[in-house]
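Chain A is already provided as a structure; the job is to place chains B, C and D on it using the hints.
Chains as they are written, first to last, in the numbering used here: chain A, 176 to 473; chain B, 176 to 473; chain C, 176 to 473; chain D, 176 to 473.
Mixed in with the good hints, there may be bad ones.
In this list, chains with the same sequence are indistinguishable; a pair is considered to hold if it fits within one copy or across any two.
Okay, derived cross-link-like pairs now, DSS-like style, lysine-lysine, Cα gap no bigger than 30 Å in a straight line [as the list claims (entries may be wrong)]:
1. K353 / K460
2. K250 / K460
3. K461 / K182
4. K416 / K182
5. K457 / K237
Just so you know, these hints were derived from the structure itself, not from any lab.
4 protein chains.
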Amino acid sequence: MSKFQIKGVLPPMITPFKENGDVDYEAFQFNLEKWNKTSLSGFLVAGSNSETPYLNEAEKLKLIDITVQSVDRSKLVLAGTGLESTRDTIYLTNKAAHLGARAALLLTPNYYGDAMGDEAQLQYFTDVADNADIPILIYNVTKFTHINISPSVVSNLSTHPNILGMKDSSGNIAQLIKFQLSGLDPEFNLLVGTASAWNPALQIGIKASIMALANCCPQACVDVQSLFDEGRQAESLALYKRLYPVNEAVTAQFGVPGLKYACDLLGFKGGYTRKPLLNIGKEQKKIIDEILQKAQLI
Amino acid sequence: MSKFQIKGVLPPMITPFKENGDVDYEAFQFNLEKWNKTSLSGFLVAGSNSETPYLNEAEKLKLIDITVQSVDRSKLVLAGTGLESTRDTIYLTNKAAHLGARAALLLTPNYYGDAMGDEAQLQYFTDVADNADIPILIYNVTKFTHINISPSVVSNLSTHPNILGMKDSSGNIAQLIKFQLSGLDPEFNLLVGTASAWNPALQIGIKASIMALANCCPQACVDVQSLFDEGRQAESLALYKRLYPVNEAVTAQFGVPGLKYACDLLGFKGGYTRKPLLNIGKEQKKIIDEILQKAQLI
Amino acid sequence: MSKFQIKGVLPPMITPFKENGDVDYEAFQFNLEKWNKTSLSGFLVAGSNSETPYLNEAEKLKLIDITVQSVDRSKLVLAGTGLESTRDTIYLTNKAAHLGARAALLLTPNYYGDAMGDEAQLQYFTDVADNADIPILIYNVTKFTHINISPSVVSNLSTHPNILGMKDSSGNIAQLIKFQLSGLDPEFNLLVGTASAWNPALQIGIKASIMALANCCPQACVDVQSLFDEGRQAESLALYKRLYPVNEAVTAQFGVPGLKYACDLLGFKGGYTRKPLLNIGKEQKKIIDEILQKAQLI
Amino acid sequence: MSKFQIKGVLPPMITPFKENGDVDYEAFQFNLEKWNKTSLSGFLVAGSNSETPYLNEAEKLKLIDITVQSVDRSKLVLAGTGLESTRDTIYLTNKAAHLGARAALLLTPNYYGDAMGDEAQLQYFTDVADNADIPILIYNVTKFTHINISPSVVSNLSTHPNILGMKDSSGNIAQLIKFQLSGLDPEFNLLVGTASAWNPALQIGIKASIMALANCCPQACVDVQSLFDEGRQAESLALYKRLYPVNEAVTAQFGVPGLKYACDLLGFKGGYTRKPLLNIGKEQKKIIDEILQKAQLI
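Excised from the complex, chain A in its bound form (with noise of 0.2 Å):
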């Protein structure tokens, strides 16, 4: 069995809370109905942007459950597994698995991070994916995770036909082009996990991405990759770069309070942070409002 490919946006979707810290699983609704009419390529349910390390089992699954019901079948809808453990990573991908979700994202275990070095990243993926009903995909986030794989163990996992690909959200063009020439297999799909660095990834042959972005301007982070395509590359170019400083807002500067006060902004219902997530001040609001108005956002 061949691995599928993997082209396009998409969103590591936010999880809008109620003010009481309840999932608000009809702003939920509401975004993804709106997301559905954009051209993005698929959703990933409980990313690092969702507050996924807040959620439940039970959040969880519901939240998978209604991206799968609610948007069209031709989008892609990816949920995000990984737990410490890998008999509980099993365990939630196969459920996301029953519900519907076509492929599982996986965090790097952390805890222990002096202990997790090559040999247990190896086993640990190898494991989740010998006993996965989906094919699974790494997600490398070492600013989360204080963890980075190296390109010997990307390669190596690369050839295991239940392993999709990879997120790297580092972007750091010059790690990206390390593990292309890691002799990853063909057919593994290499994803960059942040705006930051998308109109770069796309130069060097990259053809998705995951990115916290995608939730508040989804449109515009899938022409990025349109407009490359089209060969209207200093166009693209434009268009990143007018978007790179409402990245950084979203995600370096203010995370996920900022992205979800974005949405809010631009049409989405970002909702409360659950705690100990605190929600953004006023005076943060300010410059996100001004950093949006300067990108011709709103």
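For chains B, C and D alone, kept in the frame of chain A given last:
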């Protein structure tokens, strides 16, 4: 209501697993009974050395329950109930309280590290303390959380009537002094979280410790303090230095798998690790054997 | 007076030493003459790859003098004259100016890292620029200084009439974009400081590079840019990817000793390192041999 | 020849500058005479607190000369003569020896950090020790060098007849223990390099310290040790804790500029800093005033 004072040594108990990855509750109980006969002051269930990130809720609660049922009523039973979200932490803490845990040890939430600044930490620990049925202790373990609590936050939290103390695992005496001098509530318990600083910590006035080494060498860890308390500082220091390389081996050098093997060698049941944590290899075992021999423990 | 524009590739020239540790000026001149015949745009004397921290003042000045005397007048001669103190930096910069260096590249002072914040950096570069007889470039190389200049500081300094540009050695395309978008003076030259990002840097509008790899493969480094400028992006990208592992070997993997050995293999005179830098060993040489063969350079 | 033993407190002497940036030798001599009347065991010329990276060779030698000429012959004069290259270090060390310095303190070379592994460190310190006319001490100061020497390297070097000891500035008691247990030559002097760990270091058997705080509070630093040696540990600990916030202010918090201001307040001549190091501002001065008052030093 005044805060009770914690004195002595508590092991953050290992969780033995069977080869198939299930918790080996019999082995756990075996260890408990052995530890119970020593002069340990109490026990921490579901700490970092318990492979807690790999345990599900039911397993954690069962381990708490067994501990409360098995040990002398004079011994202090602490439960590690920190989770990423405030609501989940409160929920689990109160479940543990209901089972008889005397206090809860709460890891700083850390996935969104950039967002867990002073304000978020203050809010989190205050929210949990306000809603917990038992007192809580802060668990500052930068090695795992990549966050280091500031003296001003600790000082602020120390006056909360339901915040009993803090375990600091830095092993950094100068940092402990900084906490002591930050204006702590006089009833606040400052515990050292590693045997690597045990005798020096006693010197500066620390009275209690939760430390990995107490799993395999409980009596020796207690003796460092007894000797010190009896004014036999030279002997206390010498014993501490003798244990030091053993502690290195079962923490920094080989981690939990090394600790479990040392437990095996010293009459306890270490059991298997749970995946993705790898069991210790043959060569590493040999090194630990030698270190224990050199320390005259076997 | 408007700033001149820098375009093309400049090697941060290695300094060959004799076995006894003396500078081998003849070998240096041999290399210079060879490089001078290529399409390199200019030369950096006393950069990081020149073992500059090991050179005394007289040696640096002699190397600058030889370079100015030896190369075509159309080639740009830069001198690395940054020292920890402002006064020493001004002194050495003006000595270099007197010898004919066209501009100076200045490392951020870094010993007292905590004290070298934005204000100290602004003051330092402004003080030197105010007093230097030639234009200066900022040298941002976090790997060696453990300090990363902020976009706002660069933007501020870019408007100084005597600050010509900056070499950023991060190899991080997203960071280069951040600098580009920070409000730089339009005449300010932003150079990329490593071959690991050369083709992607061209894509985002960078025009020049100072890179270690240009010591051993000058023409190939130039070709990446020529192909790109001719609209042959696919060929430029392919050449860049072919060179990528070589660059890794002569920078991150084996450092200056590796670069010197690659120079030896490719017709230049690498010479010995100066102590405490160790010469490369036999096994490392074999790895470099293989990497160069695989890249079809030998 | 056996190694001499170092005991007591030595200040790494500040270098007062005039407003124009010249060394203020008169102020330096003023301080020397004042310190000479205390119970300090000796002096370090050209240490980290001396703004040494900003001093040229002639200035360093003049400071060494003045020190040797001015202080009691019973006091130990150490000179900081470490430079990046082995040959420069040997040269400067022997110049210092010729002027009468009793031993030299050598910073680990660190510009090419990745290349300064165990082997390079062993080679560097051995080469210098073999060729130095006076004994040398290793200076391990990770804060500035970003390199931490390993116990095995220290242990290995400790047996060299011309390597007298090491100043470890980590302030980490557990690390000092690790060095003590690494198999050091019994005559090797292990010094603690910061007042933040002074009393705890005495507890574990350390006999000497080179510490910034001794510039402004020499007698109090000496008293911590005298009280300890007289068996008055509680008083020694109390004094150490009283000084602790002052030490924080003149090191981690405000660095050398803060130390110089505290010297001014306490009867010494701090003088100006040399650029690019910024002088301390008005608000910072106020904080230091308060800290000194609280510590009952003014």
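Outcome of the hint check:
With identical chains, the CA atoms of K353 and K460 are at most 30 Å apart between copies only, with a shortest distance of 21 Å across copies and 38 Å within one. In this assembly of identical chains, K250 and K460 lie within 30 Å of each other by CA distance neither inside one copy nor across copies; the values are 32 Å within and 51 Å between. Within a single copy, K461 and K182 get their C-alpha atoms no closer than 35 Å, and across copies no closer than 40 Å, so neither meets the 30 Å cut-off. Taking the shortest Cα distances, K416 and K182 sit within 30 Å of each other both inside one copy (21 Å) and across copies (22 Å).
Taking the shortest alpha-carbon separations for K457 and K237, neither the intra-copy value of 32 Å nor the inter-copy value of 45 Å comes in at or below 30 Å.
In summary, the numbered hints that this structure violates are 2, 3 and 5.
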